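Build the full structure now, drawing on both the sequences and the hints.
There are 2 protein chains.
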Amino acid sequence: MQIVHTKAQLRVLLKQARKIGQSVGFVPTMGYLHAGHASLIHRARQENDVVVVSVFVNPTQFGPNEDLDAYPRDPDKDMALMRAEGTDIAFFPSADDIYPAGYATYVTVEGPMTQALCGRSRPGHFRGVTTVVSKLFHLTTPDRAYFGQKDAQQVAVIRQMVSDLDFDVQIVACPIVREPDGLALSSRNTYLSEKQRAQASGISRALFEAREMILAGQRDATLMTDHIKKRITAIDSAAVDYVSIVDARTLADLDTLIGEVLIAVAVKMGRTRLIDNIRVEV
Amino acid sequence: MQIVHTKAQLRVLLKQARKIGQSVGFVPTMGYLHAGHASLIHRARQENDVVVVSVFVNPTQFGPNEDLDAYPRDPDKDMALMRAEGTDIAFFPSADDIYPAGYATYVTVEGPMTQALCGRSRPGHFRGVTTVVSKLFHLTTPDRAYFGQKDAQQVAVIRQMVSDLDFDVQIVACPIVREPDGLALSSRNTYLSEKQRAQASGISRALFEAREMILAGQRDATLMTDHIKKRITAIDSAAVDYVSIVDARTLADLDTLIGEVLIAVAVKMGRTRLIDNIRVEV
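These protein sequence lines are chains Z and U, in that order.
The first sequence begins at 0 in numbering that gives the first Met the number 0 and counts up by one.
The second sequence begins at 0 in numbering that gives the first Met the number 0 and counts up by one.
No lab work stands behind these hints: they were computed from the structure.
Any given hint could turn out to be false.
Note: identical chains are not told apart, hence a pair may lie in one copy or across any two.
Capping the alpha-carbon separation at 25 angstroms, the derived lysine to aspartate or glutamate pairs in DMTMM-like fashion look like this [unchecked claim]:
1) K6 x E109
2) K229 x E193
3) K18 x D48
4) K6 x D165
5) K14 x D142
6) K229 x E178
7) K6 x D68
Note that the coordinates shown come from a computational prediction; the quantities given were computed from them, not determined experimentally.
Rendered as structure tokens:
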């Protein structure tokens, strides 16, 4: 595995790969890698000649009162996991290399897709995501890029951006990886106290139950939303940020559950904000 | 010369060229080509294996009260000029192909660079430019892209975008091509009445005179600006939109003339808005 720290080094390696016709799979991450990331790298390894994994805690996708400075970091463990999954190039850029002095350009998906769900409580978040992903796509020129379905809105927003801006890259969304008790893996789970960690499994339980109800015939979005909110609110130390039932592709609100339905939630456990979601084909 | 009308066709041709290692030069235009465009294509022809010229009157860079519908079009003449200059691929996309229903993504260079000069009288203009140029860069994957120095602010904004978003393309700015009497070539010159056309040469004369004054030692930006305004206002049927003396790279206002100085003007001749500029190394 080659470890590169600058954009210039990365470009040289990718140009060499391109020159001999190799395909490139790219996994952008913010590090502190877990089994969810491993599943992305694993899939990329199966489908491409060269696998690039980036680790960059992207400041532009954090709000002023969010956890940018506290975000967990462990590059040595990250590199071990990358090696184990067969990464060819590990890219650890500095913030100064990604956003040099005088930086001024942003890529924005406008409209409801970035205003709903996490866009409401994290204004500017997706602007940071689409901007850094655009840059990383230009630097890595991937044939395929791999994202976790846990960030369902991020996947939808990036698909929209790729389609709108004519990026020539295939977006591959990989299933959520969960703990044995159902909690979706997240680097932020490390923030949870032991008690919060135990209670957090109630979030996914509420989603699984909702799926069962829909598969059993429930079609009323408002009723389902209220039911999930009640279930999550009943968890000690949990506060609902949002519970949304939307079209999985457009993220438009649904009244009647039909098509590819996405149930997405954000929950605060103390000061930790967790997200989770589930898709149901109705 | 191959003439393509869809993004998909263009992609196929470019992938073939890339596969055999050919370099690509790209000239994005809004059509109604003149000798200025010809100089860009000519330069692209000298420096690349494959020359792509696009013709697209980009709606997102026009304001609601601007001349989108009136903008002159002559695809047959354009194709003749492209052929004469050695174009390999002429790309004439439709607005529906470039901006399909549900389109939502925009690339924006924020801050003073897009707010000064033309940004003041044409809000949103550069957002439209950077968005469509991003898309065209993704579709054509150029090694080099050619722009006319007549649109000096556009060149500066695109350079900033390319640097910020890590586009792997070299921006080549080509000198302004002028009529024998000094008027900068522009597709919009066709709007001018015979009388306006004759008077319009006063714009470039004011710029040439300013350059002489600077080369003779004048360093006071305010004094120079006032002098140019006076000269242009003296032209019958001309109204100054702006006269700006700025740093050629950052477009920041200059008080004292030093470094790479750009003198840029926008002038209304009746309903026609003309721009021109000149660079002076101080």
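Each hint, compared with the structure:
1. K6 x E109: between (28 angstroms within a copy, 23 angstroms between copies)
2. K229 x E193: Classified as within: same-chain Cα gap 23 angstroms, cross-chain 75 angstroms, threshold 25 angstroms.
3. K18 x D48: The answer is both: 13 angstroms in one copy and 16 angstroms across copies each meet 25 angstroms.
4. K6 x D165: For K6 and D165, both the intra-copy (23 angstroms) and inter-copy (9 angstroms) Cα distances are at most 25 angstroms.
5. K14 x D142: Both ways: K14 and D142 sit 13 angstroms apart in one copy and 13 angstroms across, limit 25 angstroms.
6. K229 x E178: Classified as within; 23 angstroms inside a copy, 74 angstroms across copies.
7. K6 x D68: within (23 angstroms within a copy, 43 angstroms between copies)
Checked against the numbered hints above, the structure violates none of them.
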